[in-house]
Amino acid sequence: MPEVREIVDVCVIGAGHAGCEAALACARLGLETVIFTVSVDSIALMPCNPNIGGSSKGHLVRELDALGGEMGKNIDKTFIQSKMLNASKGPAVHSLRAQADKADYSREMRKVLENQEHLSIRQIEVCSILWEELPDSSKAEQSLKKITGIRTFTGTVYECKAVILCTGTYLRARCLCGESITYTGPNGLQAANHLTDSLKEMGIELRRFKTGTPARMDGRSLDYSKMEEQFGDERIVPFSFSTDPDSVQKDQVSCFLTYTNERTHDIIRANLDRSPIYAGIIEGTGPRYCPSIEDKVVKFAEKERHQVFIEPEGLHTNEMYISGMSSSLPEDVQLAMYRTVPGLENCKIVKNAYAIEYDCINARQLYPTLEFKAVKGLFSAGQFNGSSGYEEAAAQGLIAGINAAMQILGKEPLILDRSESYIGVLIDDLVTKDNREPYRMMTSRAEYRLLLRQDNADLRLRKKGYQVGLIDEKQYRELLEKEKTIGEEIDRLKNTFVGASREIQDFLEAKGSSALKTAASLAELICRPELSYKSLAEIDRNRKALPEAVIEQVEIEIKYEGYIARQLRQVEQFKKMEKKRIPFNINYDEIPSLRIEARQKLKLYRPVSIGQASRISGVSPADVSMLLVYLEHYGQSKKGEEQSEKL
Amino acid sequence: MFQGSTVAAISTGLSDSGIGIVRISGPDAVLVGDRIFRSPSGKAVLKSSPSHFLQYGFAVDSDISGSDPHWKDHIIDEVMAVVMSAPKSYTGEDTVEIQCHGGVLVMRRILEASLRCGAVLAQPGEFTKRAFLNGRIDLSEAEAVMDVIRSRNEYALSASVKQLRGDLAEAIRKLRGEILHETAFIEAALDNPEHISLDGYSERLHEKIEDLSGRIKKLLDTADNGRFIKEGIDTVIVGKPNVGKSSLLNLLVGQERAIVTDVAGTTRDILEESVNLNGIGLNVIDTAGIRDTQDTVEKIGVERARKYAKEADLVIYVADSSVPLDDNDREILSLIGRKKVIILLNKSDLESEVSEEKLTDFLKETLPDRKDLSVIRTSVRENTGMKEFEDTVREMFFQGGLSYNDEIVITNMRHKEALQNSYESLLLVKQSIENGMEEDFYSIDLTNAYAELGKIIGEELNDDVVEEIFSKFCMGK
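Protein sequences appear in the order of chains W and P.
Take the first sequence: its letters are residues 1 to 647, numbered as in the working numbering.
Take the second sequence: its letters are residues 648 to 1124, numbered as in the working numbering.
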């Protein structure tokens, strides 16, 4: 059979949130890129919850945007309600969440892909990855392979330099709704059944995870008068640093809150034996943070009720998403349990709740660049790496895309560490820890979160985006200007003193603040909980008019200075360990005093730095010392060899 | 150059003799040294001291100014101090060594002072590691260096975890559990603000912190008065039932601790006491009489006695001169093996059935390899022979036959350091609450407090908070 052959730079497999970011990054960096999907109508599909962001996930989107990703811009175009979560808490945990019009979101992203130079979209299943053995790989402990291309279901071969796997939940997917099982991907879409074998042939280890989604209901069948209405914020903050805040102030739709009750729970308990999970039909490991309603009722038996949020799926559909009640119980049980909830008494189900099982990997097979350690040019991102969530997927997609491009262009890879971004925490956790369930970002996972705020993501990461080539000159200059203005304003406030004059004392009294004993700087006054940058306007006459975003930074830097300084000191220690690199060809069997467990773990994970090694469970501080000593020895004797070679 | 923090440790053995050296190494070594060393006129002189030049003066327990009229009240010991500037020191870093009289107590107090004044306690093998990383040790010795680090760490680990007093370990686990729960609650609420509310939580937490920090403070007092883990020579008393083992323990302790009756098998539990024998610490364990027993409760005691005899540094074997030696004695003696042993022939006040010669012959026959055994005649009841017994212990100790486990002294300090850090972290939480900070600030210091306590019982931080969130709070969409 005659074969079609194409030659490109990068093939991205899958056009979900990870695939879109990966493909856009590569194409924008000038590489000929093809993105493969089983259905062009499902590009950037949101098969589960109808929102983007939320606690710590909002941070990911902000960071992605700072680096030059697309998700933030796309949700700014298509949101229908927006909220800043945790607004009453510290600035580090403020987190944006927007309800999306799902269809709009998908359509807009498709438009972006279609208009992107160097990027083509192809609707076809990819069946195998093509590769060759690297000639000098015999020296290494595991044989090294190199990507040469992919082959589609119809036999077409795309020769390429890098492949990025973003298969989401599609690999050998199986959906379960009670006793009825279908072999499809999410939302009834075609599963990808061939690629797994090809990956296994390459020596990649796969495993099986599961996740689930609640029912969608006909909005006309719900009685909202029995629920609490949930509004969006009055002043909307956009996700993207490039979006003009004034452009997103628009009418918003509401969500609604209702609760389960003992009757709901009784029905679930009585039918547990018909749940595929409790009946043992599902073998995959499910996530604990979005448990099915069955799980909630069993694990938290003492809770009398659980919250249920009713969220619109879009403006042009009356489908409502029943958040908090995902389930894999059979249809009849689902209907019965949903109808016990106030407001859902007469509900009509459009789509049943279901659980989905899929193939994915243990990401310890990856470097922090998201490239496979054993296969040069093979990258992967998203749910395939064992994560969960649109934002987690998009963030990885961007990093995998950037690093595939950097490799092809012969540039330094982009590795973000735990002290500079949530994305760094996410990837480090994925490649270093033993994750046994789909991984979700959480604010408690970030040890330096006071520094990793959503408000300063641009200041943390724009420069990196610029270096990589995804942020243009103009945006970069704006950032430098912002940085400068912030620094100058903080200096000014620290060096502008007010005396204990009548006027100042009266002012402080009026603000409910205690009187001054001696002169104080404006910065010291801002530190008082009852005062703020804005409230000092009256006594700060030389103040220039500054953008909101600058004022926000100035205020946070001053108010939380002590805490921020403490974390910066911790980061300094952390960085020292991260900077000590471990050569990729290190032979752990040569290090005499390592404990067996540590040796095994190190061989399995092959960490890139001493810092990463220290985070692997089973590697003790003493083992780390041993590694340091060995590396010193190794480094010195290496130098010696080089010298003798020169002679 | 490898640049770590400034660390301190006792760098000589911890026996009560000769001189001892406390070493401080790292970028701030001289700074720390000047806080704990005073010239005879009360000045801090190390900063201006030439390298490798001995200074005479005093170690003080706090950074007290020499112009303070009471500075002399803070003297720990008369010492010599020497500054060794980088790279000409053992570690290759700036180093200060304080040479003091070699008492365990003196060395410990000087070390504690240096920790209060900015140094952190060196990890096991740390000086060697630093010396190596700074090129002060030949590269060909890398392997030996790694062995040192390995063995010191293993030793330290077994000393710190296994020997930690059970009640303390329990108290710390409980504290940790409660701190973790609070942290997880805050974090769960931050991750799921629409499901979990933090309204009114600050006040509740403030109360909780009062309670937690109070309990840690109490543990810290324990650390000051006594020890977390026993320092001293592990000593076990063995012998047939009713030969006077418990009476001996009571005599050593100076009070009625063990139940003493003339019914064989009265001591069913293992009794343990710390005894100070003219400055030498013994942890004495009285075991149930070892004999073939059918009584199950007692049987467990006997099993444990065998175990303790195996692990002890010193065994005291007691024989009763008023009853004949038999197979039970043979079996008990077989437990001794190559151990340091003192043999007492007790009840010299009663009619003698077994003479010293008879016992000596019996020993020769039972333990033919041991030529070093001698017998002391005692009557515990009449307090005779005890002077000879004490002299024997002292002799063994000073001739180096018996020694303290060095690492234990250090482990006690490590525990104390961790408790102190944990306590201070909780105070920071309290401060944050009082300053009206937002809830997310609390969990940062709570996590530190939790991690520090973990060091005492040898547990790492890992994903504990995340695990706790999922197991205790219903999360999710």
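Calculated directly from the structure, the hints in this document are not laboratory data.
Keep in mind it's a predicted model, so treat the numbers as computed, not measured.
It is possible that part of the hints are untrue.
[Unchecked claim] In the DSS-like style, the derived pairs of lysine-lysine whose C-alpha atoms are separated by at most 30 Å in a straight line are: (1) W/Lys511 - P/Lys1077; (2) P/Lys1077 - W/Lys299; (3) P/Lys1102 - W/Lys576; (4) P/Lys1034 - W/Lys303; (5) W/Lys299 - P/Lys735; (6) P/Lys821 - P/Lys1119; (7) W/Lys433 - P/Lys735; (8) W/Lys145 - W/Lys511; (9) W/Lys580 - P/Lys821; (10) W/Lys575 - P/Lys735.
[To be verified] Which bits of chain P does chain W cover? Going by a derived footprint, with three or more residues having C-beta under 8 Å, they are: (11) 673-681; (12) 725-732; (13) 833-847; (14) 987-994; (15) 1106-1120.
Yeah, the Cβ is synthetic: ideal placement off N, Cα and C, and Gly gets one too.
Verification of the supplied hints:
At most 30 Å may separate the alpha-carbon atoms for a hinted pair to count; W/Lys511 and P/Lys1077 meet this at roughly 26 Å. Distance hint between P/Lys1077 and W/Lys299 is unfulfilled; the C-alpha atoms sit about 33 Å from each other, more than 30 Å. Only pairs whose Cα atoms come within 30 Å are accepted, and P/Lys1102 paired with W/Lys576 is accepted, the gap being roughly 22 Å. A distance of roughly 70 Å separates the Cα atoms of P/Lys1034 and W/Lys303; the hinted pair therefore is violated under the 30 Å criterion.
This hinted pair does not check out: W/Lys299 and P/Lys735 have alpha carbons roughly 63 Å apart, beyond 30 Å. A C-alpha spacing of about 16 Å is found between P/Lys821 and P/Lys1119, which places the hinted pair at or below 30 Å, so the restraint holds. With a C-alpha separation of about 42 Å, the suggested pair W/Lys433 and P/Lys735 falls outside the 30 Å cut-off, and the hint is violated. Taken as a hint, the W/Lys145 and W/Lys511 pair is broken in the structure, with Cα atoms around 68 Å apart against an allowance of 30 Å.
With a CA separation close to 37 Å, the supplied pair W/Lys580 and P/Lys821 exceeds the 30 Å bound. Taking the CA atoms of W/Lys575 and P/Lys735, the gap is about 28 Å. The hint holds against a cut of 30 Å. Counting residues of the segment 673-681 of chain P whose CB lies closer than 8 Å to any CB of chain W gives 0, so the stated coverage by that chain is violated, three being the minimum. By the rule of at least three residues with a Cβ nearer than 8 Å to a Cβ of chain W, the coverage given for the segment 725-732 of chain P is violated, with 0 such residues.
Counting residues of the segment 833-847 of chain P whose C-beta sits closer than 8 Å to any C-beta of chain W gives 8, which meets the bar of three, so the coverage hint holds. Counting residues of the segment 987-994 of chain P whose CB falls under 8 Å from any CB of chain W gives 0; the rule of at least 3 is not met. With 7 residues having a Cβ less than 8 Å from any Cβ of chain W, the segment 1106-1120 of chain P passes the three-residue criterion, so the hint holds.
In the structure shown, a violation is registered for the earlier hints numbered 2, 4, 5, 7, 8, 9, 11, 12 and 14, in ascending order.
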